[in-house]
Amino acid sequence: IQSQIKRNRQNVHRHERNKAFRSELKTREKAAVAAAESGDAAAAHDLLVLAQTRIDVAASRGLIHKNTAARKKSRLTKRVAALLG
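Under our numbering, residue 90 is the last one in the sequence shown; the count climbs by one each step, no gaps.
Derived by calculation from the structure, the hints in this document are not laboratory data. Cβ coordinates follow ideal geometry from the N, Cα and C atoms, glycine included. Careful: at least some of the hints might be erroneous.
Straight-line C-alpha distance at most 25 angstroms; calculated DSS-like pairs for lysine-lysine [said to hold, decoys possible]:
#1 K11 - K83
#2 K31 - K83
#3 K71 - K24
#4 K11 - K77
Ranges between beta-carbon positions, derived for each pair [stated by the list, open to error]:
#5 D51 - N13: 39 to 47 angstroms
#6 I10 - D45: 44 to 52 angstroms
#7 R14 - L89: 43 to 51 angstroms
#8 D45 - Q15: 28 to 36 angstroms
#9 L89 - R19: 32 to 40 angstroms
#10 A75 - A39: 17 to 25 angstroms
Based on the sequences and whatever the hints tell you, model everything.
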């Protein structure tokens, strides 16, 4: 069935794109925490804002649920703030 063949192609393409985006989210979160651990408040703040923005984009695209996005942002903010203390 032609429509199913096309659907399978699209699913593979979207899966790869979504996987890359989720991986980027983890990388952004780790970068923000690493900057906070090093004590660089300015860099930590910039990376935190960037990570939160990417989390919001993921939620708006439907890659993660909106409550998951809110939870991730909250936990990340708390963690960075505690490290900068």
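Hint by hint, here is what the structure shows:
no.	hint	verdict
1	K11 - K83	violated, 44 angstroms
2	K31 - K83	holds, 16 angstroms
3	K71 - K24	holds, 18 angstroms
4	K11 - K77	violated, 35 angstroms
5	D51 - N13: 39 to 47 angstroms	holds, 41 angstroms
6	I10 - D45: 44 to 52 angstroms	holds, 51 angstroms
7	R14 - L89: 43 to 51 angstroms	holds, 46 angstroms
8	D45 - Q15: 28 to 36 angstroms	violated, 42 angstroms
9	L89 - R19: 32 to 40 angstroms	holds, 38 angstroms
10	A75 - A39: 17 to 25 angstroms	holds, 23 angstroms
Comparing the model with each earlier hint shows violations of hints 1, 4 and 8; every other hint is respected.
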